[in-house]
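Chains A and B supply the protein sequences, listed in that same order.
Whatever position you read off the first sequence (first residue = 1), add 781 for this note's numbering.
Whatever position you read off the second sequence (first residue = 1), add 4 for this note's numbering.
Derived from the structure by calculation, the hints contain no laboratory data.
Glycine residues also receive a C-beta, built at the ideal position from the N, C-alpha and C atoms.
It is possible that some hints are incorrect.
Here are the simulated DSS-like cross-link-like pairs (lysine-lysine), alpha carbons at most 25 Å apart as the crow flies [as the list claims (entries may be wrong)]: (1) B/K101 / A/K802; (2) B/K66 / A/K793; (3) B/K226 / B/K270; (4) B/K103 / A/K793; (5) B/K309 / B/K66; (6) B/K309 / B/K75; (7) B/K101 / B/K66; (8) B/K160 / B/K139; (9) B/K241 / A/K793; (10) A/K795 / B/K101; (11) B/K135 / A/K802; (12) B/K139 / B/K199; (13) B/K135 / A/K826; (14) A/K826 / B/K160; (15) B/K136 / B/K203; (16) B/K75 / B/K226; (17) B/K66 / B/K226; (18) B/K103 / A/K802; (19) B/K136 / A/K802; (20) B/K141 / B/K199; (21) B/K101 / A/K793; (22) B/K141 / A/K795.
Beyond 10 Å from chain A on every Cβ pair, some chain B residues (computed) [unchecked claim]: (23) Y19; (24) R99; (25) K101; (26) K103; (27) E109; (28) F125; (29) R161; (30) A202; (31) D287; (32) S337; (33) Y399; (34) W418; (35) T419.
If you want the footprint, here are the derived chain B segments under chain A, 3+ residues with CB under 8 Å [stated by the list, open to error]: (36) 85-97; (37) 132-141; (38) 380-392.
One letter stands for each residue in the lines below.
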Amino acid sequence: MQTKQHWQLEIKPKSGLLDLKLREFWQYRDLLLLFVRRELVPTYKQTILGPLWFVLQPLLTTLVYSIVFGMVARIPTDGAPQLLFYLPGIVLWNFFSTSFLKSSSTLVANTHIFGKVYFPRLVIPVSGLLASMVNFGIQFCLFLVIFSVYYFTGSKVNPSAWILAFPALILIVSTYSLGLGLIVSSLTIRYRDLTHFLSFGVQLLMYATPIIYPASIIPANYKWVSYVNPLSPIFEAFRFSFLGSGLFNILHLLLSFVVGVLIMFIGIVMFNQAQRTSIDTV
Amino acid sequence: MGETVVQVENLGKSYRLGTISSGTLRDDIIRLFTGKHPELDGKRVKNETVWALQDLNFEIQKGDAVGIVGKNGAGKSTLLKILSRTTAPTTGHIRIKGKIASLLEVGTGFHPELTGRENIFLNGAIMGMTKKDIKGKFDEIVEFSGVSRYIDTPVKRYSSGMYVRLAFAVAAHLESEIMIIDEVLAVGDIDFQKKCLAKMSEVTQKQGRTVLFVSHNMSSVKALCNTGIFLESGRMKQIGSVNEVVQAYTIANKGLVESTELAQRKDRSGNGLVKVVDYYVTDEHGNRIETILTGAHVTFHFQLKTFSEAVRNVDVGLNFFDPEDRNMGVLYSSYYQQYYAAGPNENMLVSCTVPKFPFTLGNYKVGLRITVNNEEADWILGGVGYINVENGDFYGSGSPGFSHHHMTNFDGIWTVEK
C-alpha cells in the first residue's frame, strides 16, 4: 500500500524556527478567553474588596512615592501635580511588570497542565497579558477620573490629541512584556537562577525608566540611559499626552515600537522551541 | 481492512541524566537556535543520556483499541506523552490522521474557585473542544456527572467524589477520532467506576474510534482492547492480539520474579521477625514440580528463617493470584488452629498440602504472608513465585470441564429425585 497518505499531524523531534503555529493558536481562541476568565474571576471572587484592591494599590503606591520621592527627595515633576505625575507611570508600570512576570513564569508554573494535555502553549502567556490588560483598564479608569477632576478644576494640565494614541502605547508595552517574558521563560527551564534575579531586575528596570522622575532631569551625560532603555519613550509619551509635560519624541517612540516587535518575535520563536520539551527538564 | 491512522517510525526519546544543563552554554545556545543536539554526536552520549524509548515502529488501524502494557519504566508514559504532544521525541516521527485527544488525567486545569459550569467549559477547551462543542454537550455532561444541583457552586466545595465525577464526565464526552487514555478511568466509587468502564467500551466498540489505552490492569486491557503492544525497556517486545500480548507480558513478569533468590528479594514488607527464604512445590510422591495439573494432590513448601529473636504464634498464609492480579484464594494455617514457634536463628519448613488443586489453566502468582502475634512479619509484594497450571482430571471422570471459561473448579454431588 504505497499510496500517498494524507496525514493531518506529524510529531517530529524538531520544529522549524519560523513554524509559529499561529493558525492553531487562533483555533484555540475560546480557550484563550477562558484562561483570561480563569485569571480574573478568582481574584474578584475571593473578597468583597477584591476589585477595589486594583484601585487602592496604585493609589497607595502613588501616595508613598509622593512622600518619598516628591516631598523628601524633592525630585521635580516637570511642573505637574504629584498625583497626576506618579499615577500614570505607576499604572502603566504595573501593567508591564505583572504581565512580564506572568509570562516569564509560564513554562515553570504550568508544568502540571503542560505535562497532561496539549494545546498551543502560547495561550497561557497571552491570556496572562490580556488579564493584566483588563486590570490595567480598571486602574486607567481610576486615573481618568482623577485626571478629569484636576482638569475641570483648572489645574495646570495640558492634554493633547496624543491621548488618542494611548492604545498604541499599550500595544508597545505589551510587545515588551510578552517578548521579554517569553525569552526569560524559555531560559528559566535551563537556568533556574534567572527567577531569583527577576524581581530584582524588574525593580532595576523601573528605576531606569522615567516613572518616579521625569526624563528631563537626567543629566546630559547620562541621557543615553534613557535612549538605550526602549521603555522610556513610551512612559514619557504616555505622561506627555495627558499632562503636556515631558520629553516626547515620536522617532524614539517608533524605534521603541520596532525593537518591541522584534523582541516579541524572538520571544515567540524561543518559547516555541523551549516548550517542546520543557516538561522533561522542569 | 482499515486504513492506518497512526504511524510510528523509529521513535526514540532520550533523557539526560544528572545535571539539567547538558554541558556547555555554547551547546545550549546552538541547540536553542538550531534545534540540533550537538552533544548527541559526541562521546558523552553514553554516560549522560538514557533512552526511555528506542526504535519504536508500529501502525494502528482505524477503529483499533490498542492496549499498551509493560512494567514501570518500560516507556509507556513516555510514549503517551509523545503521542499526546506534551513533549517532543528525540528521534523518529509519528504521523497521525484525524483529530487526536489525550486523557492522561481528568480535570486538568480545574480551578477550585470557579463553578462546576465554568470548569466544564475550561476543562473542555483545554482538551481541545470549542465552546460550541461544549455547549452542545453540556446537559449530557452534567447529567452524566450527577452533580447538576451543584453546577453553579465553586468546585472547591465539592466532595472529592463529585469533583472526579464531573471531571470524568467532561472527558467522556470528548469528540475525537483518536483517543489516548491513561489508567485514569478507575475513579470514584464502585458504581461510578462501572459507569466509566461502560462509557469506555461504548467509546471503543460502538463509535468505532481508535483508542490507545495504557494500564497495569490486565483485565481492563483485555476487556477494552483488541490489540496489544508490549513494551520492555523502551523497546517494542511484541505487538499482536490482546490475548497474546497479555500472556507474553504475564510470562515475562514471572521470569523476573524467579530470577531472584527469595532471601535476597527487596520488594517485601513486614517487621522481619520471620522471613521466607525458599519455596518449592512437590507432587504426591514428593517430587519437585513446576507444573500443576488441575485436581492434583500438591504440597507447597516454605523454608522460614528466624533471626535474633525467638518467635511464637507464627501464622502462615498462602494465596494465589490470577494473571490479572486478582486474589483467587487465601489459606492461613490459623484457619486450622495451627501456629508455629521457633527459637532464634532457626530454620523451619512449613508445608501446606492441597489435596485437590482447584484452579484451572493459566499462570498463577503464589503469595505468602507470615504474621507473628497478628503483626505482619513478612510479605513479598511480587509473590514468592509463579506456578503453571495445566488441565488435569479434577472430576476424576476424564472431563476437562470448560477450563478456558472459569478459573476454579469445585467438587459437587449431583442427585436427582422424582
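Results of checking the hints against the structure:
1. About 18 Å separates the Cα atoms of B/K101 and A/K802, which keeps this hinted pair within 25 Å; it holds.
2. Restraint check for B/K66 and A/K793: satisfied, since their Cα atoms lie roughly 22 Å apart, inside the 25 Å limit.
3. Distance check on the hinted pair: B/K226 and B/K270 sit about 30 Å apart at the alpha-carbon level, beyond 25 Å; violated.
4. The straight-line distance between the Cα atoms of B/K103 and A/K793 is roughly 17 Å, inside the 25 Å bound, and the hint therefore holds.
5. For the proposed pair B/K309 and B/K66, the alpha carbon gap of about 56 Å is over 25 Å, so the pair is violated.
6. Annotation: proposed proximity of B/K309 to B/K75 is violated, straight-line Cα distance about 31 Å (limit 25 Å).
7. Taking the CA atoms of B/K101 and B/K66, the gap is about 9 Å. The hint holds against a cut of 25 Å.
8. Proposed proximity of B/K160 and B/K139 is supported: the alpha carbons are some 23 Å apart, at most 25 Å.
9. For the given pair, B/K241 sits about 23 Å from A/K793 by alpha-carbon distance, which is consistent with the 25 Å threshold.
10. With a CA separation close to 20 Å, the supplied pair A/K795 and B/K101 stays within the 25 Å bound.
11. At roughly 21 Å between alpha-carbon atoms, B/K135 and A/K802 fall within 25 Å of each other, so this suggested pair holds.
12. A hinted pair counts as satisfied when its Cα atoms are at most 25 Å apart, and B/K139 with B/K199 qualifies at roughly 23 Å.
13. Distance restraint check for B/K135 and A/K826: the Cα-Cα separation of roughly 23 Å lies within the 25 Å cut-off, and the hinted pair is therefore satisfied.
14. A hinted pair counts as satisfied when its Cα atoms are at most 25 Å apart, and A/K826 with B/K160 qualifies at roughly 13 Å.
15. For the given pair, B/K136 sits about 22 Å from B/K203 by alpha-carbon distance, which is consistent with the 25 Å threshold.
16. For a cut-off of 25 Å, the pair hint linking B/K75 to B/K226 stands: about 17 Å separates their Cα positions.
17. With a CA separation close to 19 Å, the supplied pair B/K66 and B/K226 stays within the 25 Å bound.
18. Distance hint between B/K103 and A/K802 is fulfilled; the C-alpha atoms sit about 16 Å from each other, no more than 25 Å.
19. For the given pair, B/K136 sits about 22 Å from A/K802 by alpha-carbon distance, which is consistent with the 25 Å threshold.
20. About 18 Å separates the Cα atoms of B/K141 and B/K199, which keeps this hinted pair within 25 Å; it holds.
21. Restraint check for B/K101 and A/K793: the C-alpha separation of about 15 Å stays at or below 25 Å, so the hint holds.
22. Of the pairs offered as hints, the one joining B/K141 and A/K795 is violated, with about 36 Å between alpha carbons and a cut-off of 25 Å exceeded.
23. B/Y19, annotated as away from the interface, has a beta carbon of chain A within 10 Å; the closest lies near 6 Å.
24. The beta carbon of B/R99 is not kept farther than 10 Å from every beta carbon of chain A, the shortest such distance being approximately 4 Å.
25. At roughly 6 Å, the least C-beta separation between B/K101 and chain A is not larger than 10 Å, which violates its mark as non-interface.
26. Not every C-beta of chain A lies more than 10 Å from that of B/K103, the closest at about 8 Å, which undercuts listing it as non-interface.
27. Not every beta carbon of chain A lies more than 10 Å from that of B/E109, the smallest distance being close to 4 Å; the non-interface claim is violated.
28. In this structure B/F125 is not separated from chain A by more than 10 Å, as the shortest Cβ-Cβ distance comes to only about 6 Å.
29. No beta-carbon of chain A is positioned within 10 Å of the beta-carbon of B/R161; the least distance is around 12 Å.
30. Every Cβ of chain A is farther than 10 Å from the Cβ of B/A202; the closest lies at roughly 24 Å, confirming the non-interface assignment.
31. No Cβ of chain A comes within 10 Å of the Cβ of B/D287; the nearest lies about 52 Å off, and the non-interface call holds.
32. B/S337, annotated as away from the interface, keeps every beta carbon of chain A farther than 10 Å; the closest lies near 48 Å.
33. Its beta-carbon lying about 52 Å from the closest one in chain A, B/Y399 satisfies the requirement of being farther than 10 Å from that chain.
34. Annotated as non-interface, B/W418 keeps its C-beta farther than 10 Å from every C-beta of chain A; the closest such distance is 56 Å.
35. The non-interface label for B/T419 is consistent with chain A: the shortest C-beta to C-beta separation is roughly 60 Å, beyond 10 Å.
36. Counting residues of the stretch 85-97 of chain B whose beta carbon lies closer than 8 Å to any beta carbon of chain A gives 13, which reaches the threshold of three, so the coverage claim holds.
37. Remark: the stretch 132-141 of chain B is confirmed as covered by chain A, as 3 of its residues place a Cβ nearer than 8 Å to a Cβ of that chain, reaching the required three.
38. Only residues whose beta carbon comes within less than 8 Å of a beta carbon in chain A count, and the stretch 380-392 of chain B has 0; fewer than three means the coverage is violated.
Violated hints, listed in ascending order, are 3, 5, 6, 22, 23, 24, 25, 26, 27, 28 and 38; each of the other numbered hints is respected by the structure.
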